[in-house]
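K.L.:
Here is how the chains run, residue by residue.
There are 2 protein chains.
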Amino acid sequence: MNLSQALLNQDRLALSRTLTHVENNSEEGRKVLSEIFPYTGKAHLIGITGAPGTGKSTLVNQLALYYRREKDHRVAVLAVDPSSPFTGGAVLGDRVRMRDLSGDPNVFIRSMASRGSLGGLAQSTSAMVQVFDAAGFDIILVETVGAGQAEVDIAKLAYTTLVVEAPGLGDDIQAIKAGILEIADILVINKADRPGVENTERALKGMLELAHPTPRVFQHHGRQMVVEAPEKDDEQENFWFTEVKRTVAKDGTGINELGKAIEKHVRFLRESNEWDKQTRIQLQSTFDSLLRETLFARFLDELSQEAYEEIMSKILKREISPWGAVEELLG
Amino acid sequence: MNLSQALLNQDRLALSRTLTHVENNSEEGRKVLSEIFPYTGKAHLIGITGAPGTGKSTLVNQLALYYRREKDHRVAVLAVDPSSPFTGGAVLGDRVRMRDLSGDPNVFIRSMASRGSLGGLAQSTSAMVQVFDAAGFDIILVETVGAGQAEVDIAKLAYTTLVVEAPGLGDDIQAIKAGILEIADILVINKADRPGVENTERALKGMLELAHPTPRVFQHHGRQMVVEAPEKDDEQENFWFTEVKRTVAKDGTGINELGKAIEKHVRFLRESNEWDKQTRIQLQSTFDSLLRETLFARFLDELSQEAYEEIMSKILKREISPWGAVEELLG
Chain A
72 MNLSQALLNQ
82 DRLALSRTLT
92 HVENNSEEGR
102 KVLSEIFPYT
112 GKAHLIGITG
122 APGTGKSTLV
132 NQLALYYRRE
142 KDHRVAVLAV
152 DPSSPFTGGA
162 VLGDRVRMRD
172 LSGDPNVFIR
182 SMASRGSLGG
192 LAQSTSAMVQ
202 VFDAAGFDII
212 LVETVGAGQA
222 EVDIAKLAYT
232 TLVVEAPGLG
242 DDIQAIKAGI
252 LEIADILVIN
262 KADRPGVENT
272 ERALKGMLEL
282 AHPTPRVFQH
292 HGRQMVVEAP
302 EKDDEQENFW
312 FTEVKRTVAK
322 DGTGINELGK
332 AIEKHVRFLR
342 ESNEWDKQTR
352 IQLQSTFDSL
362 LRETLFARFL
372 DELSQEAYEE
382 IMSKILKREI
392 SPWGAVEELL
402 G
Chain B
72 MNLSQALLNQ
82 DRLALSRTLT
92 HVENNSEEGR
102 KVLSEIFPYT
112 GKAHLIGITG
122 APGTGKSTLV
132 NQLALYYRRE
142 KDHRVAVLAV
152 DPSSPFTGGA
162 VLGDRVRMRD
172 LSGDPNVFIR
182 SMASRGSLGG
192 LAQSTSAMVQ
202 VFDAAGFDII
212 LVETVGAGQA
222 EVDIAKLAYT
232 TLVVEAPGLG
242 DDIQAIKAGI
252 LEIADILVIN
262 KADRPGVENT
272 ERALKGMLEL
282 AHPTPRVFQH
292 HGRQMVVEAP
302 EKDDEQENFW
312 FTEVKRTVAK
322 DGTGINELGK
332 AIEKHVRFLR
342 ESNEWDKQTR
352 IQLQSTFDSL
362 LRETLFARFL
372 DELSQEAYEE
382 IMSKILKREI
392 SPWGAVEELL
402 G
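The listed protein sequences correspond, in order, to chains A and B.
Residue numbers for the first sequence follow this note's numbering, beginning at 72 and rising by one.
Residue numbers for the second sequence follow this note's numbering, beginning at 72 and rising by one.
Calculated from the structure, these hints are not laboratory results.
Honestly, I wouldn't trust all of these hints.
Copies of the same chain are indistinguishable here, so a pair counts whether it falls within one copy or spans any two.
[Claimed, not checked] Calculated pairs, DSSO-like style, for lysine-lysine (alpha carbon to alpha carbon, straight line, at most 30 angstroms): (1) LYS385 x LYS102; (2) LYS388 x LYS142; (3) LYS331 x LYS102; (4) LYS227 x LYS348; (5) LYS388 x LYS335; (6) LYS348 x LYS385; (7) LYS316 x LYS102; (8) LYS321 x LYS385; (9) LYS388 x LYS276; (10) LYS113 x LYS388; (11) LYS331 x LYS276; (12) LYS348 x LYS316; (13) LYS321 x LYS102; (14) LYS388 x LYS348.
None of the values given here were measured: they were computed from a predicted structure.
Take these sequences, add in the hints, and give me the full structure.
P.N.:
Here it is in C-alpha cells:
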C-alpha cells in the first residue's frame, strides 16, 4: 500500500511521514498532496492566534477536548511557531501538550517551526492542513504565536479565526492589539478570572467598534463604513459581528460557550456562502503560489548557472539594476 | 527635472513621493528604482527589532540623534509595522517621533504598514531602503515591531541587527526570545535602570551561549558547533560574538557605547568580507523576487481569464489538484 492510501486509511505513521515530507516540500510530499486532493475539503480549519502569555496553548488543548467530548470529532492540532526559525523549539511544545491528549487515537498534534523562505509559512500550513483533512480530521486547530504578518497570512486560510487576549498584559502590548483585532471572528478573553477583566473587555469592545470589519467582510460588504456600493449578490445582510467570549482555559470555564460560538460562526459561513468563498481563496492561493514557484524553478533550470552569475555580477557592480536585469532576461 | 534627479539632489518632497510610489509598487516607483540603482550601495542599514514594551522607538530616536551629533551622518528611519496590516496606525508613530527630530533636514522618518501580499514586506522594505540610500542617507534605521517571521526576514536584509530587550517583561515573553536572539549582532538591554537588569543580562547571556551563531555565520563557519568543515576562504577566524550592551534610551545612557559597538561591527563586516556577502544576499533576493513576480505576471497575461477560471473551476470541484493543474498548464 502506498503512502497516500495509508494516509487515507488514517494510519498514524503514514500521517507523520507525510507531514514531514510536506514540511520539507519533498518530491514525495508533492506527489501525495496531489493524490489525496480529491479527498480534501471537509475539515473545519480554525485559526487561533494571540500574544504570548494569553494562555493560547491551554485554550487549544481545551478546544480539542471539547470536540472529542461533545462532538466525537477527530481533532488535529498544528502549532506554527514562526519565532523560532532556527531552533527546534517547537518540539518542546509537543511534549507539554501531550499530557492532556495523549493516548487518544482521534487526536493528532504536530508542531511546525518556520524554516521556509519568504511567504513559505502560509503555504506550508495550507499543505499540512490538506494532509490532516484527507486523513479524516473534522477539526483542524492551527495555533500561531505572536501578532505579525505570519498570523495575518494564516488567518486568511482559516474559516474561523480566534484571537486570544488576557487581562493585565500591560499597556505596551495594547498597542499591537488594534491590528490583530481586525482578523478576529471570535475574540476570546482568556484568564478571565484575573482582576481587570471588565476593563479589558470594555477596552477591547471599544476597539472592535472602531476597527474595520474583518478583511473578508471588508472586501465584500462593509459594515460601519460602506466603501463601495454593495453589489447585487451582496445585498443580503450576511454580516458577522465579532463575538467576544470569556474563558478560563486552565479549568475549562467558558469552553462550551466558546464551542457554541464557533458553531454559530460555521452556520453563518454556510448560510451566507462565505464558506465557499473562503475555500476558493485558499485553493486559489495554493494554485497561484505553486504556479509562481514552478515558473521560476523552470526558468532557472533553463538558464545556465553561468548566465545567472554573469547577470548577478553586473548587478553587484551596479552596471545594471535588478529591474533592468529582469527586462534583459525576459526580453 | 524628473523624480529620480530630484531624489538624487536630496529633495525631500521628491523623496516622500518616491517612497509612496515604491510602497504602492507603482510603475513610476519601479522606474525610479531602476534609474537610481547605480547611486545605491553606500548606506549602512541597521535593523532594530524586539518585543513591544522594550522602548525600541525611543532607542531608535537616540541612535538617530547620536549619528547626527557625533558623526554628522544623514539618518533615515523606516518604521515597519506588520501588526497593523489594515489600519493606518503607523501614522501616529510618525507624529510621536517627530518631536525629537523634527526640523533637522538631515533626518527623515517614515512609517510603513504592511499591506503587501505574502513575502511582500521584506521586498518593500528593501526597495524603500534603496530610495533612502540613493537620496544620500548614510545611516538607515529600520525598526520592526514584534518577533515573528517578518522581523527575521527584515534582519536578513540588514548589515547590523540590534535586538532590544528590557528587564521585567515577564516569563511569558521569555519564551519568544530564544528564536529572535539568534539574529542579534548586538543585543541591547534597554530600560537598564529597572530592577532586575542583572538577572535579565545573566539570563540572556546564558541563552546566547546556548544559541546558534547568527544565521550568516552559521552558514559559513560555525562557532561552538562546526556544522560543516570550514572551506578554504573561511579559515580565517572571522567570527562575530554577539555583543550585549545596556542602555537607558529615555535619558541617553549607554547610547554612545552602543554607537561604538555598531562601528566595531561595521569594521568586522568590512574586514571579514561579510559586508560584500551581505550585499550580494540583498541584491540576489531583490533580483530573484522580481524575476519570480515578473514571470508569473507575464504568464497570467498570456493565459486568458477564461482559461484561468476554467482550471480554477476544476480545482474547486476537486477534479484536478493544484499540482496537477500546474502540470497541465506548463506541460
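K.L.:
Against each hint, give a clear statement of whether it holds in the structure.
P.N.:
Here is what the structure says about each hint:
1. Only between protomers do LYS385 and LYS102 lie at most 30 angstroms apart by alpha-carbon distance; the minimum there is 19 angstroms, versus 39 angstroms within a single protomer.
2. Within a single copy, LYS388 and LYS142 get their C-alpha atoms only as close as 64 angstroms, which misses the 30 angstroms cut-off; across copies the closest is 28 angstroms, which meets it.
3. Within a single copy, LYS331 and LYS102 get their C-alpha atoms no closer than 38 angstroms, and across copies no closer than 53 angstroms, so neither meets the 30 angstroms cut-off.
4. When the C-alpha separation of LYS227 and LYS348 is checked against a cutoff of 30 angstroms, the pair qualifies only within one copy, where the shortest distance is 12 angstroms, while the shortest distance between copies is 36 angstroms.
5. For the identical chains of this complex, LYS388 and LYS335 are inter-copy neighbours only, at 26 angstroms across copies versus 60 angstroms inside a copy, given an alpha-carbon limit of 30 angstroms.
6. In this homomeric assembly, LYS348 and LYS385 come within 30 angstroms of each other (Cα to Cα) only across copies, at 15 angstroms, whereas the closest approach inside a single copy is 46 angstroms.
7. For a Cα distance limit of 30 angstroms, the shortest separation of LYS316 from LYS102 qualifies neither inside one copy, at 42 angstroms, nor across copies, at 50 angstroms.
8. Neither within a single protomer nor between protomers do LYS321 and LYS385 lie at most 30 angstroms apart by alpha-carbon distance, with minima of 60 angstroms and 45 angstroms respectively.
9. Proximity of LYS388 to LYS276 under the C-alpha cut-off of 30 angstroms is found in neither arrangement, the shortest distances being 55 angstroms within a copy and 40 angstroms between copies.
10. Taking the closest pair of Cα atoms, LYS113 and LYS388 come within 30 angstroms of each other only across two copies (13 angstroms); inside a single copy the shortest separation is 53 angstroms, beyond that limit.
11. Taking the shortest Cα distances, LYS331 and LYS276 sit within 30 angstroms of each other inside one copy (20 angstroms), while across copies they are farther apart (46 angstroms).
12. Taking the shortest Cα distances, LYS348 and LYS316 sit within 30 angstroms of each other inside one copy (26 angstroms), while across copies they are farther apart (51 angstroms).
13. Neither within a single protomer nor between protomers do LYS321 and LYS102 lie at most 30 angstroms apart by alpha-carbon distance, with minima of 41 angstroms and 56 angstroms respectively.
14. For a Cα distance limit of 30 angstroms, the shortest separation of LYS388 from LYS348 across copies, 13 angstroms, qualifies, whereas the shortest one inside one copy, 48 angstroms, does not.
Hints 3, 7, 8, 9, 13 from the list above are not met by this structure, while the remaining hints are.
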